[in-house]
Amino acid sequence: MSSLSFQEKSAWGTLISLLVVGLLYASSLVNLWRADQLHIASTFGLMVGFTILLVLVLVGYHILVAAITGAQDEDERDRLIGWRAGKIGGLVLGFGVISIVGHIVLGGLVDDAFWQTPAVIANLLLLAVFVSTIVELSVTIWFHRRGV
Amino acid sequence: MPPGIANRVRELRQRGDGMTQQALADAVGVSRQTIIAIENGRYSPSLEVAIKIAEAFHQPVESVFWLAEP
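Protein chains in written order, with our numbering: chain X, 1 to 148; chain C, 1001 to 1070.
No wet-lab data here; the hints were simulated from the structure.
There may be inaccurate statements among the hints.
[As the list claims (entries may be wrong)] Each pair of labels, with its calculated beta carbon distance range:
# : chain 1 : residue 1 : chain 2 : residue 2 : range
1 : C       : Asp1017   : X       : Ser138    : 39 to 45 Å
2 : C       : Ala1068   : X       : Leu19     : 34 to 40 Å
3 : X       : Thr69     : C       : Ala1027   : 18 to 24 Å
4 : X       : Ala71     : C       : Glu1055   : 23 to 29 Å
5 : C       : Asp1017   : X       : Val97     : 53 to 59 Å
6 : C       : Ala1006   : X       : Gly86     : 25 to 31 Å
[To be verified] Sample of chain X residues at the chain C side, in silico, Cβ under 7 Å:
#  : residue
7  : Ser5
8  : Asp36
9  : Gln72
10 : Glu76
11 : Arg77
12 : Gly147
[Said to hold, decoys possible] Just so you have them, the derived chain X footprint on chain C, three or more residues with Cβ under 8 Å:
#  : stretch
13 : 1024 to 1031
14 : 1042 to 1055
These numbers were taken from a predicted model, which means no experiment stands behind them.
Ideal Cβ placement from N, Cα and C applies to all residues, glycine included.
I would like the entire structure built from these sequences, with the hints used as guidance.
Structural data, given as structure tokens:
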């Protein structure tokens, strides 16, 4: 029997999937930028495509894990870890969003057109969500391994 | 992050015929991984779970769990 709970397995799978898909997305974004095609329409298409990819990967992974090890209900430890990790992830997301707001305001002050484009701002917001989710998943795993 | 509560859950579980971690988990209503975390000092259960664990061993709760030395 595995020493990893379903929640921890879920966190590991989601973390690795996010990192891989995130890297692929970033790589595609850089290619768009190099081709001078980084605008909101192309960004939106990329976001939708990679979101669908991520959802398919995660659904497939969780079905596989549930089929092999059996689904488990959350117990009090899982809930406590979820709450604490979620709180930390929320703080990171809040910091990220406020930073982007500051960036928008300051960018307006220095009149830097590139950093004010909708495509760039949309991707910065997506980056904030990505980073906060990575942090939340990492903290979840840390709490499972080291204690809470 | 070790909790401030020590316990002798593993010692009590392995007495006599020995109870499996899964059996204790089922009796108490938590996962086997939570029992492992409790035994390894990586998690301090709630009062409800602590009482259920003590009752599973027919012991007073204060003989199963106590404040760890700082």
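Right, here's what the structure says about each hint:
Against the hinted window of 39 to 45 Å, the Cβ-Cβ separation of C:Asp1017 and X:Ser138 comes to about 41 Å, which satisfies the hint. Between C:Ala1068 and X:Leu19 the CB atoms are about 37 Å apart, so this pair conforms to the stated range of 34 to 40 Å. The beta-carbon spacing between X:Thr69 and C:Ala1027, approximately 21 Å, falls within the hinted interval of 18 to 24 Å. Roughly 28 Å separates the CB atoms of X:Ala71 and C:Glu1055, a value that falls within the hinted 23 to 29 Å.
About 57 Å separates the C-beta atoms of C:Asp1017 and X:Val97, a value consistent with the hinted range of 53 to 59 Å. For the hinted restraint 25 to 31 Å between C:Ala1006 and X:Gly86, the CB-CB distance of approximately 29 Å keeps it satisfied. At a threshold of 7 Å, the smallest CB-CB gap from X:Ser5 to chain C is about 4 Å, leaving the interface hint in force. The closest approach between the C-beta of X:Asp36 and any C-beta of chain C is roughly 49 Å, which is over the 7 Å cut-off, so the hint fails.
Taking 7 Å as the C-beta cut-off, the interface hint given for X:Gln72 holds, the closest approach to chain C being about 6 Å. About 5 Å separates the beta-carbon of X:Glu76 from the nearest beta-carbon of chain C, less than 7 Å, and the hint is met. Because the beta carbon of X:Arg77 sits about 4 Å from the nearest beta carbon in chain C, less than 7 Å, this interface hint is met. Contact between X:Gly147 and chain C, as hinted, is supported at the beta carbon level, the nearest pair being about 3 Å apart and thus within 7 Å.
Only residues whose beta carbon comes within less than 8 Å of a beta carbon in chain X count, and the stretch 1024 to 1031 of chain C has 3; three or more means the coverage holds. Proximity of the stretch 1042 to 1055 of chain C to chain X, defined as three or more residues with a beta carbon under 8 Å from a beta carbon of that chain, is established by the 5 residues found.
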